[in-house]
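Chain A is fixed; fit chain R onto it per the hints.
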Amino acid sequence: MESQNNNNNNQEKFRDPNLDKRTVISPDGQQIEVDPLQDYFEQARPQVHKPASKVIEKFLNWARAESLWVLGFGTGCGSIEIPPLTTPRFDAYRFGVAMRPTPRQSSVFIISGYLSVKTLKRAIRSYEQMQNPKYVIGLGSCTINGGMYWDSYNTINRLDYYMPVDNYVAGCMPRPEAILAAFESLKKRIKEGRADGANKYAEHFDWYKANQKKVIKDWNMPDYNW
Amino acid sequence: MSIIAKLLWVLLGLFIILNWGLLMGALIRKIVARVGKRVGIRWYQPWLSLPMLYSTRSSISHGVMYYLGPVFRLSGGVGIFLFMPLIVGSPYFDNFSFAGDVVVILYFQFFGMLGMALGAGEGGHPYSTIGISRGLAQFTTVEVPLTLAVISLAIQYDTLSIKEIAAAQQGGITNWTLFTNPLATAAALLSMLGIFRHAPFNLVQAPNEIPIGPPTEYHGTYLGVLRTNGAILHVIEAVLFMNLFFGGAGNWIELIIKTFFIYFFTVFIGVVFPRFRIEQSVVWFLKVPLVLGILAILFMAI
Numbered sequence: 001m002e003s004q005n006n007n008n009n010n011q012e013k014f015r016d017p018n019l020d021k022r023t024v025i026s027p028d029g030q031q032i033e034v035d036p037l038q039d040y041f042e043q044a045r046p047q048v049h050k051p052a053s054k055v056i057e058k059f060l061n062w063a064r065a066e067s068l069w070v071l072g073f074g075t076g077c078g079s080i081e082i083p084p085l086t087t088p089r090f091d092a093y094r095f096g097v098a099m100r101p102t103p104r105q106s107s108v109f110i111i112s113g114y115l116s117v118k119t120l121k122r123a124i125r126s127y128e129q130m131q132n133p134k135y136v137i138g139l140g141s142c143t144i145n146g147g148m149y150w151d152s153y154n155t156i157n158r159l160d161y162y163m164p165v166d167n168y169v170a171g172c173m174p175r176p177e178a179i180l181a182a183f184e185s186l187k188k189r190i191k192e193g194r195a196d197g198a199n200k201y202a203e204h205f206d207w208y209k210a211n212q213k214k215v216i217k218d219w220n221m222p223d224y225n226w
Numbered sequence: 227m228s229i230i231a232k233l234l235w236v237l238l239g240l241f242i243i244l245n246w247g248l249l250m251g252a253l254i255r256k257i258v259a260r261v262g263k264r265v266g267i268r269w270y271q272p273w274l275s276l277p278m279l280y281s282t283r284s285s286i287s288h289g290v291m292y293y294l295g296p297v298f299r300l301s302g303g304v305g306i307f308l309f310m311p312l313i314v315g316s317p318y319f320d321n322f323s324f325a326g327d328v329v330v331i332l333y334f335q336f337f338g339m340l341g342m343a344l345g346a347g348e349g350g351h352p353y354s355t356i357g358i359s360r361g362l363a364q365f366t367t368v369e370v371p372l373t374l375a376v377i378s379l380a381i382q383y384d385t386l387s388i389k390e391i392a393a394a395q396q397g398g399i400t401n402w403t404l405f406t407n408p409l410a411t412a413a414a415l416l417s418m419l420g421i422f423r424h425a426p427f428n429l430v431q432a433p434n435e436i437p438i439g440p441p442t443e444y445h446g447t448y449l450g451v452l453r454t455n456g457a458i459l460h461v462i463e464a465v466l467f468m469n470l471f472f473g474g475a476g477n478w479i480e481l482i483i484k485t486f487f488i489y490f491f492t493v494f495i496g497v498v499f500p501r502f503r504i505e506q507s508v509v510w511f512l513k514v515p516l517v518l519g520i521l522a523i524l525f526m527a528i
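So the protein sequences, as listed, match chains A and R.
Going by the working numbering, the first sequence opens with residue 1, and the numbers climb by one from there.
Going by the working numbering, the second sequence opens with residue 227, and the numbers climb by one from there.
Hints were generated in silico from the structure; no laboratory data involved.
You may find that some hints are simply not true.
Unchecked claim - Label pairs and their computed distance ranges (CB to CB): (1) Pro83(A) to Val498(R): 20 to 28 Å; (2) Gln30(A) to Phe322(R): 32 to 40 Å; (3) Leu344(R) to Asp28(A): 17 to 25 Å; (4) Pro352(R) to Leu19(A): 51 to 59 Å.
Stated by the list, open to error - According to the in silico footprint, chain A covers these stretches of chain R (three or more CB under 8 Å from chain A): (5) 260-272; (6) 280-288; (7) 442-448.
What the hints assert, rightly or not - Straight-line distance between alpha carbons at most 27 Å, and here's what the computed BS3-like set of lysine-lysine pairs gives: (8) Lys200(A) to Lys217(A); (9) Lys256(R) to Lys484(R); (10) Lys232(R) to Lys188(A); (11) Lys191(A) to Lys484(R).
Virtual Cβ for every residue (Gly too), placed ideally from N, Cα, C.
Next comes chain R alone, as it looks inside the complex:
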């Protein structure tokens, strides 16, 4: 396949992922609203909010880094997308997946956060800075159990390629990592709660704690870029967990169903549990998920 054709397939994949991300966000909000006996937003609301944000006539800049913050965040999301194989065995939707892509993806998760930290820091708003320090502190501890789970998988499958890990799980539900390596799955699913940042761990962006954290000063097009990234990131992170632990997807329907339930898992926990303070959540990630991650490595290594 020529590189032009490859790029077109990647863009098609990105388009589908973006729209599914927007729709999924709306569906989840609708479900949460129905739990609270509300009607909730219209399912097409995200497609209305994006042009509204992108078409704001005036905007304010605090300097180059402030401008680059959302750009870094978006390149973090798109970067994860570029290296993520979407459909197992499909030559069209495996993007630019290569032998060590899981390491690159673990790095890219932090890339957007750091870009936002620099950008929001230049805004000069104290709330942004508080939000950043909270967000980075929490995300650092979130990454620890996830990385331990990935190391456990690397030992189990003897590879660092997501494509090969997903391919090794084909041929029946019992081949999924969920059943072959339950400890690593448990550690990763617990750290996933911190990645998606729903209720127990959503202090970083909780509107009524400090006004919405790092994006406090971002508005209009900046916020539009952040929201676009949010839609891509939610799906693509769910795709990561689907590929690593739930057998990957053989077609788009399977991908949509699996990512929905993976994302819904965090929302469900978020609806049920109240919010942690930041020092509680940091300690929480360094207790059970960390121990599970270490045990997962030990079991696979022995």
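Extracted from the complex, chain A is given alone in its bound form:
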């Protein structure tokens, strides 16, 4: 199993005792071996999914573009700019944008600001649980080059080293109007068939994983999990 070869030297140092192999005794006296890393996570590599034929894909891309389901996951200061999108003033629903509470049902992941390394781990897990096709919007300067945190010891500087990004919104912080504009430009990209981040992630999986492991020291999960 590839997922067992976590090539991170710090793994032993940051070992989570909850994830150790152990034997538990069931109520009727049976001994059961539990290996959390095997049992609690699915460990298949992401696959490249070929698009459907041209005409059908065009129609499906149109439907996907006009029905963007955003994962409610806030990172950094930009997350305060997301809730106004659902209010009467900005009302993103009229553009086909809806908020979803679980990653599996969402198609758009907004990284809303700086990503600390600790949050990056959660962001990657959420991103991998989203189903193909999925799109990422990087919000604010912090996701482009680190912004005001560019020399911080604990935040990442470039988001697209860690997951494929479809759209960036510059600014610190961008206003909700800028996010609406980002949705419009993402729609254009999807309709042109260029927003294929999920397949890109699957194709260059090893490169993304290596980058992620370079910064995440306490990597105590399988390489791919949903």
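Then chain R, alone, in the frame of chain A:
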């Protein structure tokens, strides 16, 4: 009529009901948005979301029962549809209605819930399990006043056939069960709030309580099937109440207007009232609606 022709008419009815359900869902969301001074979703948004869901390229399965959960839910919705007469006196749109269809329909309401319970349970997510236990607890108490109201109607009209109950209410608004048996209507309308699960009783699927309850783990095509079922179920449940209490429908226009207002009644209450906790809603259904249901039976039996 041959069985093939019958099936084609049933499919036509299902097609109309599905599309009206999608449109009604969008209209209601639009009205609620306008109440909140928003523009709201586009009226054709549900037709865009369904292909988006059905065309998700990858999906995850947790096993056979997980896969069957939405299928059971859909067969629950379509099952109610199959036994529901849509248009009073029409040989084309009475579907497979028969002498005891109201009993079958009461059963089918639970069928989808139980299928979902098994399916979502296999997903292994604790939120799903919490949502299921809440949903089943609430729905069990919802069914009690509804069943009492239906028994009251069975005594009143001396039949268990929805077709005959609807036919008996023809010939003027005063013949509706709403006026001939107001107690049963009140009990059923109060339990209807729990069936449609709008605000006072929407804890089961409230996004910000536990992430959306039983369908937490369902995505892509699974969720598409659940949404398709939701559109069918909303209309067909409204048709059930229309047939039992509001005189049925003589044509499609009447059906569309009546189902809209029946469904709108629950949405209206949902906009006005805040959400109940699950133990509050369970107790609520076992107080006033239950007493009304028992009184309705007593008045009809004496």
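### Task
Output the numbers, in ascending order, of every earlier hint that fails for this structure.
2, 4, 10, 11
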